[in-house]
Amino acid sequence: MQHKKSTLRLNLLAMFIAIIILQTSIPLIGYIPIGTLDITIIQVTVVIATILMGTLDGAIIGGVWGLVTFIRAFAYPTSPLAAIVFVNPIVSIFPRIMIAVVAGMTYKALKNRIAKRSVSVSVAAVLGSLTNTILVLGLIYVFYKAKAPQLYQINLKDLLPYLLGVVGTNGIPEAIFSGVVTPLIAVPLGNILNRRGR
Amino acid sequence: MSNFLFGRYLPGESWVHQMSPQSKLLLSFYFVIVIFFANNIASYAALLILIMGVIILSGVSISYFLKGIRPLIWLIIFTVLLQILFSSGGKLLWHFGPFSITDQSLINGGFIFIRFLLIIMISTVLTLTTTPLAIADGVQTVLKPLKGFHFPVDTLALMLSIALRFVPTLMDEMETIMNAQRSRGVDFGSGSLKHRVKAAVPLLVPLFTGAINHAENLSTAMEARGFTDSEHRSKYRIYRWQMKDTISWLVFLAVGVLVLGIRKW
Chain G
1 MQHKKSTLRL NLLAMFIAII ILQTSIPLIG YIPIGTLDIT IIQVTVVIAT ILMGTLDGAI
61 IGGVWGLVTF IRAFAYPTSP LAAIVFVNPI VSIFPRIMIA VVAGMTYKAL KNRIAKRSVS
121 VSVAAVLGSL TNTILVLGLI YVFYKAKAPQ LYQINLKDLL PYLLGVVGTN GIPEAIFSGV
181 VTPLIAVPLG NILNRRGR
Chain P
1 MSNFLFGRYL PGESWVHQMS PQSKLLLSFY FVIVIFFANN IASYAALLIL IMGVIILSGV
61 SISYFLKGIR PLIWLIIFTV LLQILFSSGG KLLWHFGPFS ITDQSLINGG FIFIRFLLII
121 MISTVLTLTT TPLAIADGVQ TVLKPLKGFH FPVDTLALML SIALRFVPTL MDEMETIMNA
181 QRSRGVDFGS GSLKHRVKAA VPLLVPLFTG AINHAENLST AMEARGFTDS EHRSKYRIYR
241 WQMKDTISWL VFLAVGVLVL GIRKW
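So the protein lines, in turn, are chains G and P.
Numbering follows UniProt numbering, in which position 19 of the first sequence is assigned residue number 19; successive positions increment by one, without gaps.
Numbering follows UniProt numbering, in which position 252 of the second sequence is assigned residue number 252; successive positions increment by one, without gaps.
Not one of these hints is a red herring.
Label-pair ranges, simulated between beta-carbon atoms: (1) Ser118(G) / Leu260(P): 54 to 62 Å; (2) Leu164(G) / Leu260(P): 33 to 41 Å; (3) Ser118(G) / Lys244(P): 54 to 62 Å; (4) Arg225(P) / Arg195(G): 24 to 32 Å; (5) Leu250(P) / Met105(G): 48 to 56 Å.
With the Cβ distance kept under 8 Å, some of the chain P side facing chain G (calculated, not the full set): (6) Ile119; (7) Ser123; (8) Thr155; (9) Met159; (10) Ala163; (11) Leu170; (12) Met174; (13) Arg196; (14) Leu204; (15) His214; (16) Ser219.
Simulated from the structure, these hints should not be mistaken for laboratory data.
Backbone N, C-alpha and C fix where the C-beta goes; we use that ideal spot for every residue, glycine too.
Let the hints inform the model, and build the full structure from the sequences given.
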């Protein structure tokens with residue numbers, strides 16, 4: 001039985017990685033363009049992985065997302081912002097891992113206190129999404145405030161309000177979206193997995 | 001669709017095709033690092049000549065590379081403009097509000113453009129001449145030293161190749177689900193945030209359910225064939241280090257030393 005479990009875990013992780021790769025390359029299921037904003041919904045996948053499979057596995061999925069962002073920042077950037085900011089692996093990878101850590105801890109803490117499962121999932125998703133936004137913002141601020149980055153000799157101090165503005169305006173709708181959508185997906189999926197007697 | 005990894009592989013028998021994936025992967029990383037050391041015309045020219053040589057050796061028509069750059073062209077132009085308008089230093093040529101153009105910033109803008117071009121070229125060469133599965137294999141070989149720290153390299157590589165195998169499958173399913181929802185009248189292209197949220201949920205739930213089904217079926221199939229762990233698997237294709245890899249590395253290392261020699265310190 002132990003084997004069965006570890007093989008299933010391997011395959012589930014592989015499927016989540018495949019979904020992450022898919023979401024980073026197809027706009028509609030990875031990014032929702034609203035006006036000039038591009039709202040990411042990939043953090044929803046990370047939170048779902050965290051809730052279904054635990055914090056460690058969620059962190060792996062978050063790390064994969066970060067890695068894809070990091071590589072794409074060099075080879076195939078999604079936006080000028082990404083090309084400038086995400087070439088720093090601490091900005092691109094670390095916040096994505098922390099999504100799972102925060103969401104996992106929140107969910108664990110709330111699971112037994114709140115009767116309705118969807119409420120604790122929703123709170124975990126909102127906090128996870130905000131973690132991403134706040135950490136990316138904070139790390140951009142820390143890294144690019146003092147010195148010009150190595151890659152581009154841009155005077156980023158002048159650009160900083162703009163960068164923070166863009167990420168900030170994305171962060172709020174992203175958090176709302178995660179809070180609404182994650183329980184709608186995670187709860188039925190959890191039921192499916194449970195019903196099959198995992 | 002912006003696709004940077006899949007459906008780009010072109011089968012072939014060229015020099016670059018025959019190199020082992022692990023050395024192609026490492027050479028790409030090495031090349032990107034060398035790019036960041038280049039800082040004057042001579043060093044960029046050396047790298048441009050090298051990448052032209054690689055493209056010729058890959059046997060892929062240049063139009064594929066131009067096609068790869070086209071979706072990125074506005075982004076590159078925007079970044080170059082940012083670079084030109086917001087950097088400081090050098091002789092001031094034009095000034096308006098927060099914007100200023102100096103001779104230094106114009107030169108740097110040109111360099112940034114070439115730098116983008118070089119990185120996109122090398123990554124395009126890699127994905128045009130290497131299948132995603134071969135890349136996963138290359139990752140496994142490159143990460144092998146980490147085994148000493150009990151890092152599950154083989155499990156990771158297996159996971160990656162399963163994931164890469166299933167990306168096209170999930171993409172097809174995605175297409176089917178979208179068409180199914182469209183036929184029920186769902187409009188994916190427009191509307192407010194609330195409307196978009198409502199459109200996204202009936203896409204994501206079947207996608208995830210399908211993925212979980214795949215995972216379960218695959219687990220059963222793997223175990224029926226005696227899969228116990230990923231450490232002791234044998235391989236269908238074995239990529240060996242060849243003479244071609246050694247020669248390529250020597251050329252790349254020579255250019256790297258050259259760039260270090262002629263760059264402005």
